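Now for the letters of each chain:
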Amino acid sequence: MVALKPGPVLVGGVELDNHLLLAAGVLGTTGSSLARVLSEGAGGVVTKSIGPEPKAGHHGPCVMVYEGAVLNAMGLPNPSEEFIGELGAVEGRPVVASVFGGNPEEFREVASWFKDRVRGIELNLSCPHAEGYGAAIGTDPAMVEACTRAVADLGVPVWVKLTPNVTDITEIGLAAERGGASAIVAINTVAAMRISTGLRRPVLGHGSGGLSGPAILPIAIKCVYDLYEACNIPIIGCGGVSSSEDVLEMMMAGASAVEIGSAVMDGRGIFRKIAKDLYSEDGQSPEEIVGCAHE
Amino acid sequence: MNEITSHPVTITEITEETPSVRTFRFDRKFEHTSGQFVMVWVPGVDEIPMALSSENSISVQKVGEATTALFALTEGDKIGIKGPLGKGFSKTGRILAIAGGIGAAPLRPLTVRGLAETFLLGARTDKELPFREELPQYTDLRIATDDGTAGHHGFVTELMDDLDLSLYDHICVCGPEIMMKGVLKKLTEAGCAEKGEFSLQRYMKCGVGICGSCCTDPHGLCVCKDGPVFRGDTLLESEFGQYARDATGRRQKI
Chain Z
1 MVALKPGPVL
11 VGGVELDNHL
21 LLAAGVLGTT
31 GSSLARVLSE
41 GAGGVVTKSI
51 GPEPKAGHHG
61 PCVMVYEGAV
71 LNAMGLPNPS
81 EEFIGELGAV
91 EGRPVVASVF
101 GGNPEEFREV
111 ASWFKDRVRG
121 IELNLSCPHA
131 EGYGAAIGTD
141 PAMVEACTRA
151 VADLGVPVWV
161 KLTPNVTDIT
171 EIGLAAERGG
181 ASAIVAINTV
191 AAMRISTGLR
201 RPVLGHGSGG
211 LSGPAILPIA
221 IKCVYDLYEA
231 CNIPIIGCGG
241 VSSSEDVLEM
251 MMAGASAVEI
261 GSAVMDGRGI
271 FRKIAKDLYS
281 EDGQSPEEIV
291 GCAHE
Chain B
1 MNEITSHPVT
11 ITEITEETPS
21 VRTFRFDRKF
31 EHTSGQFVMV
41 WVPGVDEIPM
51 ALSSENSISV
61 QKVGEATTAL
71 FALTEGDKIG
81 IKGPLGKGFS
91 KTGRILAIAG
101 GIGAAPLRPL
111 TVRGLAETFL
121 LGARTDKELP
131 FREELPQYTD
141 LRIATDDGTA
151 GHHGFVTELM
161 DDLDLSLYDH
171 ICVCGPEIMM
181 KGVLKKLTEA
191 GCAEKGEFSL
201 QRYMKCGVGI
211 CGSCCTDPHG
221 LCVCKDGPVF
231 RGDTLLESEF
241 GQYARDATGR
251 RQKI
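If you're matching them up, the sequences are chains Z and B in order. With my numbering applied, the first sequence corresponds to residues 1 to 295, in that order. With my numbering applied, the second sequence corresponds to residues 1 to 254, in that order.
Hints are supplied without guarantee of correctness; some may be wrong.
DSS-like mimics (lysine-lysine), calculated; alpha carbons at most 30 angstroms apart, straight line [what the hints assert, rightly or not]:
{"no.": "1", "chain 1": "Z", "residue 1": "222", "chain 2": "Z", "residue 2": "273"}
{"no.": "2", "chain 1": "B", "residue 1": "87", "chain 2": "B", "residue 2": "186"}
{"no.": "3", "chain 1": "B", "residue 1": "62", "chain 2": "B", "residue 2": "181"}
{"no.": "4", "chain 1": "Z", "residue 1": "276", "chain 2": "B", "residue 2": "87"}
{"no.": "5", "chain 1": "B", "residue 1": "87", "chain 2": "Z", "residue 2": "273"}
{"no.": "6", "chain 1": "Z", "residue 1": "222", "chain 2": "Z", "residue 2": "5"}
{"no.": "7", "chain 1": "B", "residue 1": "186", "chain 2": "B", "residue 2": "127"}
{"no.": "8", "chain 1": "Z", "residue 1": "115", "chain 2": "B", "residue 2": "253"}
{"no.": "9", "chain 1": "B", "residue 1": "29", "chain 2": "B", "residue 2": "91"}
If you're looking for bench data, these hints aren't it; they were derived computationally from the structure. Note that the structure is a prediction, hence the values are computed from the model and not measured.
Assemble the whole structure, with the sequences as input and the hints as a guide.
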């Protein structure tokens, strides 16, 4: 099996301890939780998405877990500006703040709260179930470009997280690149729904939600592959990664690093476990692996 | 990744335990350890964490939107039950149970199996003592009320002064956090904080250890997955008894 040579990682202007990041929206509401994930082997963490106003999110049920897939509709709950206080617990660590807004000005305002406290900003232009936010604006290339530019102008590395719920994801990736993004994160959850036959209604309180977990890995691989062909900035692969084999697959498709979310369900130790399988002192340089499936 | 979904159940019986507490019995049994919880889905309203008071019941106090909606349901209505979730109380050795009000619900299953040697039950007043008629069959039940209408006139923690805490292996506690904080203080003074097992209540969105809304400081422990029952020594120097986060993640003083 292929292994990677360990060492510091620089992706999209952000220095990481290894190639494995905690994805936004998972265990990222508090500083102490982020610190715990880092202490358990993550090379970096992305916070819960923070917006311009505190939000309580959707009514439950918010999550159902299926074999190989998680269906969720949280509704972007977040403490807004008060989240700054949480970052004390992870000061100086590889932290990327995920932010959202309803327009470029809001993105810029929220990003400005964190710009000197984190290594990078990830724009959530992709949540599939929050009206007026996320994918509601992330499907419009002009809006994606404007939001990216508004934050990139702050002089901070900007990662743009994309939704797969579009006809052509490369159009959105190119818009982010034009706006000055340092990297693209692909993908956010896939729009999805299940119905409780016993209760004769959708299983989520919000009705529709987003699918994550191993079931969406093939969709994420395809998106990363297409973005690698179309764009010049680095890509961070996200969606269904739960083993070192999945990490290598993402990297061969074109990802320079990966984000891991739903797989923490099986324990936060997943980062250390994947790293143990992924790295070896006599392993290959990551540059030889990233995008090699395109040759 | 194993399936954790909500099972539709039909409410078969509703019993009034006290003027503010009702037990909802349903047509499906959930094998569990005392202290484990389920996410209760009230269709069209919300999904909230709730202790099982038996294999097929929850005992609920009307406190908010979802519990008010639950109180409006009748026998034959359907709800969803996801679980059992989390880690429960120890069930070996000599057990002292301490409950405040409806905090008695998660302690009931181990008590009716004869596992709690002594049970200290406190409430505001006589009429708000849940399960007081049945518990004496299974345990040495001692009562305290704030207004003195039954048992000791004062807090349930004061009943601990009559006991030799060194005789017990586990001290299982559930109730308002201020009351649990009082219990932990007494255990700490007696030098046995590690014997305490406290069932915490925190706002939860997912219940399965993925969203992070119930993470506590400073260890980043998830109440839904690492708890809801935590040992007393884990809670020393923590947010316990001081603050808890609301649905947005903002800290609210306890």
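Evaluation of the provided hints:
no.	hint	result
1	Z:222 - Z:273	holds, 25 angstroms
2	B:87 - B:186	holds, 24 angstroms
3	B:62 - B:181	holds, 23 angstroms
4	Z:276 - B:87	holds, 28 angstroms
5	B:87 - Z:273	holds, 24 angstroms
6	Z:222 - Z:5	holds, 26 angstroms
7	B:186 - B:127	holds, 27 angstroms
8	Z:115 - B:253	holds, 29 angstroms
9	B:29 - B:91	holds, 20 angstroms
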